[in-house]
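So the sequence lines, in the order shown, correspond to chains X and U. Heads up, the first sequence is in the numbering used here, so the first residue is 1 and it goes up one at a time. Heads up, the second sequence is in the numbering used here, so the first residue is 1 and it goes up one at a time.
In short, the hints are calculated from the structure, not lab data. Treat the hints with care, since some could be wrong.
Stated by the list, open to error - Computed far set for chain U versus chain X, every beta-carbon distance over 12 Å: (1) K101; (2) F144; (3) V153; (4) L155; (5) E214; (6) G218; (7) P311; (8) R365; (9) P381.
Unchecked claim - For the chain X half of the interface with chain U, some residues (derived, Cβ under 7 Å), not all of them: (10) L20; (11) T48; (12) R52; (13) D84; (14) V88; (15) W167; (16) L172.
Ideal Cβ positions, reconstructed from N, Cα and C, are used throughout, including at glycine.
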Amino acid sequence: MTASTDPTASADSTPVKTELYAISEQAAAVYAAAETALAALGEVVLETIPFRDEMTFVVERERIREIITTLRQDEQTRFDRLSDLTAVDYLPLGNEPRFAVVYHLMSRSNLTRLRLRVPVPEADPLIDSVTDLFPSANWLEREVFDLLGITFVGHPDLKRIVMPDDWDGHPLRKDYPIGAEEVEFSFNHEVIEAERPQSTAEREDRYRPERPVNNF
Amino acid sequence: MAIAPPRGNTAANGTQVVLTGDTMTINMGPQHPSTHGVLRLVLDLEGETVTRCEPVIGYLHTGFEKTFEAKTYMQGVVLTDRMDYLAPLSNNLGYALAIEKLLDIEAPPRATVIRVLLAELTRINNHLVWLGTQALDLGAMSVFFYCFREREVLLDLFEMMSGARLMTSYIRPGGLMADLPDGWTALADQFIRTFPAHIDEYESLLTENEIFKERTIGIGVLSPEDAQALDLTGPSLRACGIPWDLRKLAPYCGYETYDFVVPTLTGGDVYDRYRVRIAEMRESTKIARQALDRLPVGPVMTDNRKVALPPRAELATSMEALIHHFKLVSEGFKPPVGEVYTCIESPKGEIGFYMISDGTGKPYRCHVRAPSFVNLQSLAPMSVGGMVADLVAIIGSIDPVLGEVDR
């Protein structure tokens, strides 16, 4: 009975679609504070993209360490935890520059998360390491270096982490074929060795661009 | 009769051998039984003291993140099982929540409650394997048998509802694979009723056991500051005195409506990690009990026909249902362009799924923030300065699953 006599229900009672995932007011205030704090560094925020209940800042590569330090030290933002670090290859989408390194920051005090996306060009795949700011970034940066071939300048021990040390190429790049190479056993080792591309350049020539990417 | 020359500092020819303090580099793993999988450690030892510990991983690297890009969103569920094979339902849940956020949908209430119930049962399942192997590493054989006895009951429950004991793939984007079968809730109820007594049984074997305490108290201590700097999550962080649990801090699936506490201790050593996990099993039993008691009636899959397969009966009569079925099976559903990061509290810590959709039926990129991977970075600071024999206890206390570390 109480439900049907809801005073707020209007006569036409058109169902209002509630947003399941929306940025809360508290989080919006933190994001505004973050923008203000970064504005002090100059034009470092290239774009702000809200999606569902999350916020992405596209920021400049050259000043990433300053940006992260500012966000960490600012009283209102306090992004003091790096929960994740990864990278994306935008080759098939044609985005320029080709790569983006993605930082997922979180504040332990106000529990807000912020994503920083840093475009990194293919010709010069370098970015400053944040290992000294966040020690947890150590293996995550090594993983990005291993699988996408982005170098982190200033990393204490930058080497491959999940692929073998003598591996050729970076598997998570979009021009790296999936399943195009046969699995190597002792009985077919010689056949595979004879057909193996001899260099990264040869591999890329062989698979780009006429062979569709990731298409079984 | 010749007398054998004395052993030790004197060589066979009688000269005195002076032991220099040279460090020795040795290799542990990747097939060592106490490394919980194919973890390899390069250790520098000075006598029996570890002076450097460098984990070498990648032996189980199967390229899950690359494979996700070639599968539809629904096919990707099976890959999540295979990452953390001790807690597949937790991984299913994190993946499903990420895709539901991309799609802007929500699972129906019954599915949400069953998800909580299963997430807690899988937490118990994970902690049972951890407890059994941790005790086995330290020489307590019987605990392993007791733990696996209860785990078998859980695996039977998982098999009953999903058809598979380990690779369940039961929690799917939009809801669940199917409703719980008849008789399932009665068996689950029986398990939840009897399980606290079993926890007492494990505790009676270990908690006040002098040998166990000698091997674990003050071993592998990590300060709360170091733990936060290394982004340790899960029970290991809570044993350092930080009450960090995403179920409380950023509730998902309605965890804010359940009554439970976050067990936190301050020792930061192997013993406290043990006690935190034991307490967590009790809390999980409490949450599972509440979920089972409030289980609502209703559908377990979203009614959004652009995501869920139409009911079998409609295929014979409705052209539209047939088209939806064909499109969903051949191409899969297509979330709008965007990117999300969704994380849940898995038994090991924060598991996060970073998904990018380019508007097609397959994820453009799916990155997994694996708790075992990040937590394993804490192994070196925990073990350096300790004895090599304690390393076995420390590895077990971090609870890494190498399938998830290497992905």
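message: Flag every earlier hint the structure violates by its number, smallest first.
response: Violated: hints 1, 8, 9, 11 and 15.
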